[in-house]
Amino acid sequence: MENQPHVIDYNQPVITVRDLYKSFGNNHVLKGVDLDLYKGENVVVLGRSGTGKSVLIKIISGLLKQDKGTANVLGEEVAKLGGKQLQELRLKIGFSFQNSALYDSMTVRENLEFPLVRNQRQLKRKEINESVERVLNAVGLSQTINQMPSELSGGQRKRIGIARTLILRPEIMLYDEPTAGLDPITCIEINNLMNRVQETFKTSSIIITHDLTCAKATGDRVAMLLEGKFIKQGTFDEVFNSDDERIKSFYNYNFIK
Amino acid sequence: MSLKQTREFVITKGVDEYFINLYSAAKFVLRFFNEVLRPPYEGKEIIKQCYEIGYKSFPLISLTGFITGLVFTKQSRPSLAEFGATSWLPSLVAIAIIKALAPLVTALIAAGKVGSNIGAEIGSMRVTEQIDAMEVSAVNPYKFLVVSRVLATTFMIPILTCYTGFVAMMGAYLNVQTNEMTSFVSFFEQAFEKISFLDIFSSLTKGIVYGFTIGIVGCYKGYNATQGTEGVGKAANASVVMSMFLIFVEEILIVQITNSIRG
Ligand SMILES: Nc1ncnc2c1ncn2[C@@H]1O[C@H](COP(=O)(O)OP(=O)(O)OP(=O)(O)O)[C@@H](O)[C@H]1O
Ligand SMILES: [Mg+2]
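The listed protein sequences derive, respectively, from chains A and B. So the first sequence is numbered by this note's numbering: it starts at 1 and just counts up by one. So the second sequence is numbered by this note's numbering: it starts at 1 and just counts up by one.
Hints listed in this document are in silico derivations from the structure and should not be mistaken for laboratory results. A few of these clues could be false.
Unchecked claim - Lysine-lysine pairs mimicking DSS-like chemistry, simulated, CA-CA at most 30 Å apart:
#, chain 1, residue 1, chain 2, residue 2
1, A, Lys-68, B, Lys-27
2, A, Lys-92, B, Lys-13
3, A, Lys-84, B, Lys-48
4, A, Lys-126, B, Lys-44
5, B, Lys-234, A, Lys-65
6, A, Lys-68, B, Lys-13
7, A, Lys-80, B, Lys-48
8, A, Lys-84, B, Lys-13
9, B, Lys-48, A, Lys-126
10, A, Lys-31, B, Lys-13
11, B, Lys-27, A, Lys-65
12, A, Lys-65, B, Lys-13
13, A, Lys-84, B, Lys-27
14, A, Lys-124, B, Lys-27
In isolation and in its complexed conformation, chain B is listed as follows (with noise of 0.2 Å):
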């Protein structure tokens, strides 16, 4: 008995279960690299997919990324007024939102809406057997699904930071205008004084490692979902939780690079 059990398992179930979980997923990962470059391209597709993300996150985005911006200022007023200092509330706030805000607030948002539609989306394919009808057609269900949509993240979710950061911007810019009647342009003048190339350059290279994340995760768990509609549930379910557990652990792996670039 006991021999049959090493056979069958190499340390126990569930440690062999995490690295075989590990490696397929490794294998899929890798698999977009593979594939991404080699024709024939889903143009059509990928437009389609950046539509939809753009599309569906969008007026959630405008709305957290204002009340972010107006709520973040208004809080850090009284502290700077301490010490008479809310003239540098600008150039805080911009600090503070297009280094850490804006990326995290997108790739959060995005994580939710986004990931949870494809893991969902995907997962129901998996589920009625689409996309094997798709491989037994001898067409290669992985580029069509899985490369058009993490193409498609990986390209929007960097434009959707901008944006959001844009738009935090705004809603401090209504802050300060209502007490300091400082001007537009003045406003962001001071802002961005602190702000060097790395920080915008951080903050896009953010952007897109949480799009090629979330779109990822989602295409994975989708692609892995187990027999029944209860699978597509688990599915999206799983792409937010995962992503957003990847998110943060880039977060702190890209700050830490920047950091030590900056030097």
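Isolated chain A, as found in the complex (with noise of 0.2 Å):
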């Protein structure tokens, strides 16, 4: 497939997140978080461990429901959807998680069609496999098909893990830490990917990440996220040429190290 740039379309959100509260306990998580992802958009996310960036994206898929505040998803408000809309809202949103979460009694094949044949009760086997095979060959990893999660790299991972998201043709995808514990190599080739699958199946992303190489090449946009609400947003250069102490300490934390 021929890959063209992205366009934005700063008239369509996607996703709009508006005043959220989450606390567990006496653990005040979301303080206030505001939020607006556009159609072809990619959101970085910034912030440190704990500061409920994944709690964030958790809220918009539906997996944890806010205390106060809404996050709405292509039109429909997450918390109020039950059951079957819930449903049918979620093949429209692919999640990669933070640890990947592959099915580590199936093999990457069975990983990958596991949704696919469950949403899609009429393909028929050529389809299927088609389909894995696709998004096998768009994370590159062709050859893995037949081995087990245990036996691949947490960069490999990582990559079936975004494959398993994209078979469903997602329209939103949810990125928790793509980069987290790899390698700089790596972490590029993932980099690549998510902005490869943004051009070529269109999808308005969510990026979560501490790693500020990834959001600099992935960002159309960054948000910093400090004490429960955003600080800070705009383009890479505009959040980081702040004067905000908070920011720069972020910023002078990820490059020393």
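Each chain sits in its own coordinate frame; assemble them with the hints.
Here is the structure:
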């Protein structure tokens, strides 16, 4: 497939989060989060460990319920959806987990088929195989098709995890720390993969990371989460040219390390 | 301060949590009945689980069943011999094995072997977010994981109970044969003299109830495992403890009910 540069449609929001609050007991994690994601856009969410980045996208995908505020995805308010409607919305959302979450009792092929055969029961064997091969090719791991997840490296697992979400052709991708714990070269590969996904599958994405190289390479916009709120949003340079001490220290920390 | 406390807990923290847990467990069990008959059916997964359960507990159940029958007969022999009543041995042993030992031994072994396995497997899927991954890919994890496993245990434990009963009787026969040279046929004729249809029916019911218990408890504990690998071990352990406890309670109830039916 020929890659075209991606187009962002700022008139068409796909995710709108307003004034979101979430606590676990006395642990107040999100304290009034606002976020917009537009069609075709990649937004990078930066923030230190434990600031609630994973919690935010779990609320967006309906895995957790907020205490207050709204999360609107493709025109639907996630918390208000039940059974069937939520399932339908989820078909349009791809969620790549922080630890890949591959089904470890299944081979790579079975992992990839799993969501497909259960959501599109009319598919023929041949079509299923084609879909599996297509997404495996897209992530560049065709040779692993019969391996078990335990035989794969961390970076390969991440890519299979991404392939498994792509197989349903989602409109929105949520990546939870796609490059965490990987070597710099594999990181670049994953960054390129995310950009390719944006271009070829025409997805809009939220990419969660601590990794500024990844943020710079993939983000059309960067949002900085701190103490339960987004303290700054904008392009990478806009955010990091700020005088805010907290942002500077995040930047310095990343590059001194 | 005291006002705040009364707002947070209806009674005390412990009591509140107990009832919340009870409520969530009840909801979990009811969800099974709500989903079991609804398509889509996970036929392949159910068969795979049946096979796993049978295969996993087969060696241990064969051994335990055989030894239970053999030892029970051997130990009962002297007391009967005092009254010169060793000819009652086959029917005595059959009553003990079919009415009590086979269902209980099978269930306790399966609780240890199968229940802990289900708890650990689903628990580790929970803590590694595999269950969440199913959910966000619009697949119902309850249906795929819980319904299939509970159906498999509910189906397989009664079958294993029959099998345990059979090997235990073979153990008993070995002892009787070496002592009295009773033939195979007459041993079983004597054995089943005192066994009624109700006895067999009640044992199978036990098997079904125990099987359901082992499956649903293991799934519940695994499904609600808390974060971390520690949670997986806890889920496995709690599955065994909880299902054994429930099995004993159910044993008493079923025996009471059977006896009242018998009148
Ligand atoms: N299911 C849960 N139950 C209780 N507390 C939770 C739960 N999920 C998250 N938390 C708490 O919420 C806070 C934020 O967690 P979260 O996983 O969102 O952090 P994060 O920003 O993704 O961090 P990291 O970069 O390490 O992944 C943490 O303090 C965590 O303990
Ligand atoms: Mg996280």
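Hint check results:
Between the alpha carbons of Lys-68(A) and Lys-27(B) the distance comes to roughly 25 Å, so the proposed pair stays at or under 30 Å and holds. At roughly 41 Å between alpha-carbon atoms, Lys-92(A) and Lys-13(B) are farther apart than 30 Å, so this suggested pair is violated. A C-alpha spacing of about 28 Å is found between Lys-84(A) and Lys-48(B), which places the hinted pair at or below 30 Å, so the restraint holds. Proposed proximity of Lys-126(A) and Lys-44(B) is supported: the alpha carbons are some 20 Å apart, at most 30 Å.
The hinted pair formed by Lys-234(B) and Lys-65(A) meets the criterion: a straight-line CA distance of about 26 Å does not exceed 30 Å. For a cut-off of 30 Å, the pair hint linking Lys-68(A) to Lys-13(B) stands: about 25 Å separates their Cα positions. Of the supplied pair hints, the one linking Lys-80(A) and Lys-48(B) is violated, its CA atoms being roughly 36 Å apart against a limit of 30 Å. Our distance criterion of 30 Å between C-alpha atoms is broken by Lys-84(A) and Lys-13(B), whose separation comes to about 36 Å.
A distance of roughly 24 Å separates the Cα atoms of Lys-48(B) and Lys-126(A); the hinted pair therefore holds under the 30 Å criterion. Restraint check: the Cα-Cα separation between Lys-31(A) and Lys-13(B) comes to about 26 Å, which is no more than 30 Å; the hinted pair holds. A threshold of 30 Å between alpha carbons decides the hint, and for Lys-27(B) with Lys-65(A) the separation of about 19 Å falls inside it, so the pair holds. A C-alpha spacing of about 23 Å is found between Lys-65(A) and Lys-13(B), which places the hinted pair at or below 30 Å, so the restraint holds.
The straight-line distance between the Cα atoms of Lys-84(A) and Lys-27(B) is roughly 19 Å, inside the 30 Å bound, and the hint therefore holds. Using a Cα cut-off of 30 Å, the hinted pair Lys-124(A) and Lys-27(B) is violated, with the two alpha carbons roughly 37 Å apart.
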